[in-house]
Amino acid sequence: MIMPLIFPLGLPLGVTQPSLDLYDKVESLKEGSVVLLTFDYYPSTLPETEPMSYAALRQLFRKNIKVVTVTTIPLGALSVMENVVKNVAREYDKKYGTDYVNLGFKYGYQAVLLGMGRRIEDIFPMDAYNNKLETLPLMQRVKNYKDIDFIFIVSDNATVDYWVSLVNAQFGTPMGAGVTAVMAPKCYSYLQTRQMVGLLGGMKGAAEYEKLTSNPGRAMLGMDSQSIIHFAIIFFVVLGNLGYFATRKKEVSK
Amino acid sequence: MSWEFFGTTLAAFFTLSLYSFLYKDNPFYKLAEHIFAGISAGYYVGLIWHSVIKQQLWTPLFNERQYLLIIPGILGLLMFTRFFSKVSWLSRFSLAFVVGNTAGISLIRQLHGMVLPQVRSTFLNVATFSGIVMVLGVVSTLIYFYFSKEHKGAFGFVAKIGIWFIMVSFGASFGYTVMARVSLLIGRAQFLLTNWLHIIK
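Chains as they are written, first to last, in our numbering: chain A, 1 to 254; chain B, 1 to 201.
These aren't lab readings, by the way, just hints derived from the structure by calculation. Using N, Cα and C, we set each Cβ at its ideal position, and we do this for glycine too. Do not take every clue at face value.
Calculated lysine to aspartate or glutamate pairs in the DMTMM-like style (CA-CA distance at most 20 Å, straight line) [claimed, not checked]:
(1) Lys63/A with Glu27/A
(2) Lys201/B with Glu91/A
(3) Lys132/A with Glu64/B
(4) Lys54/B with Asp122/A
These stretches of chain B come out as covered by chain A in the derived footprint (C-beta under 8 Å, 3 or more residues) [said to hold, decoys possible]:
(5) 15-27
(6) 31-44
(7) 83-90
(8) 110-117
(9) 143-155
(10) 181-188
Pulled out of the complex, with its shape left as it was, chain A reads as follows (with noise of 0.2 Å):
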C-alpha cells in the first residue's frame, strides 16, 4: 500500500457518469452564480472528503461563483472548513465577504435546514468570525435558497438525506454531492429520483473530480494502492473459495 504512494504506478482513472454530471452542472453556472457548499464531514473521513471540497472550492473559484460555505457537524468540520476555504480563496485571489462568506456552524441541522429557507440571517446571525451578516456584501443578496444556484453537499453521514428530503423537496434548489463510500450506494437512489444531479463516491468520487477539475491531489494519488488494495483483496477471496471448494470435495469424496 505504501510503495504506490512513493513511486505512483499512474493506473488509468476512469470517470463515472454521476462526477461527470456534477461537473457538468458547477461548469453550467454562470458567472456571480451562488454556490452553498457543505462541510458536513468530520475529521476522521478527511481522505474521501477533503479532495472532494478542494476540487469542488477550486472549481467554483475559477469560474467566478459566489461561494457560501457552512457545517452542521460539530467536531472538526469547522477548523476543516476554515482551513479549505483560506487555502482555496488565497490560490485565486478571493475576498472574503464579497466572493465567500463562512457561516460557519449552527446546532441541530433540521432547524438549521428549514429555516435557512425562510431566511439565512435568522439563523446565522452573524458568520463564523462574528461579522453580522446584514455586513457582508454578499449576504446582501444572499437571504434563502431562492438566492442559491446550487447546493454542493459534502457529507460522510446522514445530513445529505436532510438536505435531500427538506431542502431539495420543500424549495427545490438543485443540488449535488460528494459522500463518503459508505454512504454512495444509498445515495445512487437520488440521482435515480433526480433529487440530485450528480454524485462522487468516496476516495474514487473524489480521484474523478480532481481529475476532472484539473487538480491532481491525495485522492488521485491514494488510488493507485487503492486498486492494488483491491487486488489483493479480489486474490485473496478467490483463494479462499477456491480453498473451500477444495476442502469441501474431499469431505464429500471421504
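Please build the complex by placing chain B on the supplied structure of chain A, with the hints as guidance.
Leaving out everything else, chain B in the frame of chain A:
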C-alpha cells in the same frame, strides 16, 4: 522546533498509538483514546456555549431585546429538572415540544422527500429493461419482507428473487465499505509520509 512540526509529530504519535491496538490493547492506545474523548467533550461544550447559548439566546435576548426567546430559554432550562426527582416531571414539557416538533418534520420529510419521489421514479421508466429490473427488485424485496403469509409456492419463489436483489445490494454496500476503510488507511499513510516524514512531496 516549530509549533507546526510539534503539532504534526503529536498527530503522528496519536495515529501510531491508535494503530498499536492492532498488536494488542496497550497504554499508548488507551492514552490516545482518552485524550480524544476528553478533547472532543471539551470542544463540544465550548462550541455549543458559543454558537447556541451565547449567539442564539443570550445576545439577542439581552442586547437586542428579543423577549420571545424567553420561551425556548425556559424550555431549555426545564430539561435540567431531570436531575431533581421531585420536579423532574417539568422536563416533559420540553420533551413534548421536541418529540412533537421532530415527529411533525420527519413525517412530512419522509413522505414528501423520500417515499413519494422514490415510488414515482420507480414506476417512471417501467417500459425500459432497467425499469423492469427495478420494479421486479422493489416488488420481490417487499414480498420477502412480508411475513404474514408463508413463503411457499409462487409467493415463495418471488420472495427468493427478492433475496437475490438484497444480496446484490449487500455486495455493493460491502464493496464500497471496503473502499471506504482502505481510503482511511491510505489517508493516514499519506499523512505520515507527507506531512510528518516528508518522504512524499
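Three-residue Cβ test at 8 Å for the coverage of the segment 15-27 of chain B by chain A: With 0 residues in contact (Cβ-Cβ under 8 Å with chain A), the coverage given for the segment 15-27 of chain B is violated.
Okay, the segment 181-188 of chain B and chain A, do three or more residues pass the C-beta test at under 8 Å? holds (count 7)
Could you grab the alpha-carbon distance between Lys63/A and Glu27/A and see if it respects the 20 Å cut-off? holds, 8 Å
Please verify the coverage claim for the segment 143-155 of chain B: does it have three or more residues whose C-beta sits within 8 Å of some C-beta in chain A? n = 0 at 8 Å, threshold three: violated.
Coverage of the segment 110-117 of chain B by chain A, judged on three or more residues with CB within 8 Å: Answer holds; 5 residues pass the 8 Å Cβ test.
Check of the segment 83-90 of chain B against chain A for coverage (Cβ-Cβ below 8 Å, three residues minimum): violated (count 0)
Is Lys132/A within 20 Å of Glu64/B, Cα to Cα? Distance ~13 Å between Lys132/A and Glu64/B Cα, so the pair holds.
Within 8 Å of chain A's CB atoms, at least three CB atoms from the segment 31-44 of chain B: coverage verdict: Since three or more residues must qualify, the claim that chain A covers the segment 31-44 of chain B holds, with 3 doing so at under 8 Å.
Given the hint that Lys54/B pairs with Asp122/A, does the C-alpha gap stay at or below 20 Å? Holds, because 15 Å separates the two Cα atoms, which is no more than 20 Å.
Proposed proximity, Glu91/A with Lys201/B (alpha carbon, max 20 Å): holds, 19 Å
Hints 5, 7 and 9, counting from the list given before, are not met by this structure.
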